[in-house]
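Trainee: Chain order of the listed sequences is S and A.
Residue numbers are given in my numbering: position 158 of the first sequence equals residue 158, and the series is strictly consecutive.
So my numbering is basically just the index in the second sequence, starting at one, shifted up by 1000.
These are calculated hints, taken from the structure and not from any lab test.
Treat each hint with caution, since some may be false.
Claimed, not checked - Here are the computed distance ranges between Cβ atoms for each label pair:
| # | chain 1 | residue 1 | chain 2 | residue 2 | range |
| --- | --- | --- | --- | --- | --- |
| 1 | S | 88 | A | 1053 | 32 to 40 Å |
| 2 | S | 88 | A | 1062 | 42 to 50 Å |
| 3 | A | 1062 | S | 128 | 30 to 38 Å |
| 4 | A | 1019 | S | 199 | 25 to 33 Å |
| 5 | A | 1022 | S | 168 | 19 to 27 Å |
| 6 | A | 1042 | S | 97 | 16 to 24 Å |
| 7 | A | 1064 | S | 123 | 12 to 20 Å |
| 8 | S | 47 | A | 1045 | 18 to 26 Å |
| 9 | A | 1056 | S | 122 | 47 to 55 Å |
| 10 | S | 122 | A | 1055 | 26 to 34 Å |
| 11 | A | 1050 | S | 192 | 25 to 33 Å |
| 12 | S | 130 | A | 1059 | 18 to 26 Å |
Yeah, the Cβ is synthetic: ideal placement off N, Cα and C, and Gly gets one too.
Here is how the chains run, residue by residue.
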Amino acid sequence: MCDSCGCHISADAQDDASSKIFDIHKSLLATNNSLAEKNKEHFDQMSAIAINLISSPGSGKTTLLEKTITKLGNKLKIAVIEGDIETDLDAERIRAQGVPVVQITTGGACHLDANLVHKGIHQLQQEFNIDKLDILFIENVGNLVCPAAFNLGEHKRVVMVSVPEGSDKPAKYPTAFAGSDLFMITKIDLLQYFNFSTEDAIKEALLINPMLDTLSISSTTEEGIDQWISYLLSLKRT
Amino acid sequence: MHEISLVQELLKQLSELAKINKCEKITKVIITIGPLAGIVIDSFQFGFDSLAPEIHYTKHTELEIIVTKSGNDIILQRVIME
């Protein structure tokens, strides 16, 4: 069979008369992907741009969201879906900013999938009576590996690496970078204390995915935050 | 870790397939995994070995994993049933 799909499976399989061979050629991610398409339609109906934030734990996703809400909260209608394995600590921090937020606790699963996000959107709409949004942030479970495999229906995927993690992260976790739209280096106020080369990190990331946009920011000193805000404003639907 | 989620999805699809085709036993399954799928083959195999025997149709199923030269998907290619 397999000249067609290139999987190099030889047709040696079975001659046994009682055996039946079924050629399926279906992705195991197909169910997730079709749910993701539905999520995207849902986001579009709400006129929302959905942004999936992926990084290791502690790279500054929630802090960046706090800063973003401070800067943009009165200009844009923002909501957040928080993904964590346990607790609603992150949702508390966002809630304190006065923005609609729902917490999805995965109870052990290391990533969000399209089905969890689907439930999250409905919960958000029910609890806060939202019908229109400008930006929906989906903060994925802190993990640079597993979230990369699951499309959530987002319009933009942002992958973040903080300076203390090291500039080898794009090379070591290529999947997260291959599927992203924007690569953001965070905590650049710490560059003076760490042996981190932004040049190397960006070079590696672009080798994996030449289409990546890149930004370097610090939520503490606000360096680069203006570019991030401009990026978000450029995404907003008119 | 997400290998387990994918094994569960595979077993769900296999059970459905066996039911629809009125087969009792799945003898062999062939999947292909792209090098950029971010999947640890050993973990996937381990997940399959742990979960498959719990299900009637896949109690004695052989899993063959082929790593392709390119791509980022994991695809159920072929199922052999009795």
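Trainee: State for each hint whether it applies.
Mentor: Status of the hints after comparison with the structure:
no.	hint	verdict
1	S:88 with A:1053: 32 to 40 Å	37 Å, holds
2	S:88 with A:1062: 42 to 50 Å	44 Å, holds
3	A:1062 with S:128: 30 to 38 Å	50 Å, violated
4	A:1019 with S:199: 25 to 33 Å	56 Å, violated
5	A:1022 with S:168: 19 to 27 Å	53 Å, violated
6	A:1042 with S:97: 16 to 24 Å	43 Å, violated
7	A:1064 with S:123: 12 to 20 Å	41 Å, violated
8	S:47 with A:1045: 18 to 26 Å	45 Å, violated
9	A:1056 with S:122: 47 to 55 Å	34 Å, violated
10	S:122 with A:1055: 26 to 34 Å	31 Å, holds
11	A:1050 with S:192: 25 to 33 Å	48 Å, violated
12	S:130 with A:1059: 18 to 26 Å	48 Å, violated
The structure is inconsistent with the numbered hints 3, 4, 5, 6, 7, 8, 9, 11, 12, although it conforms to all the rest.
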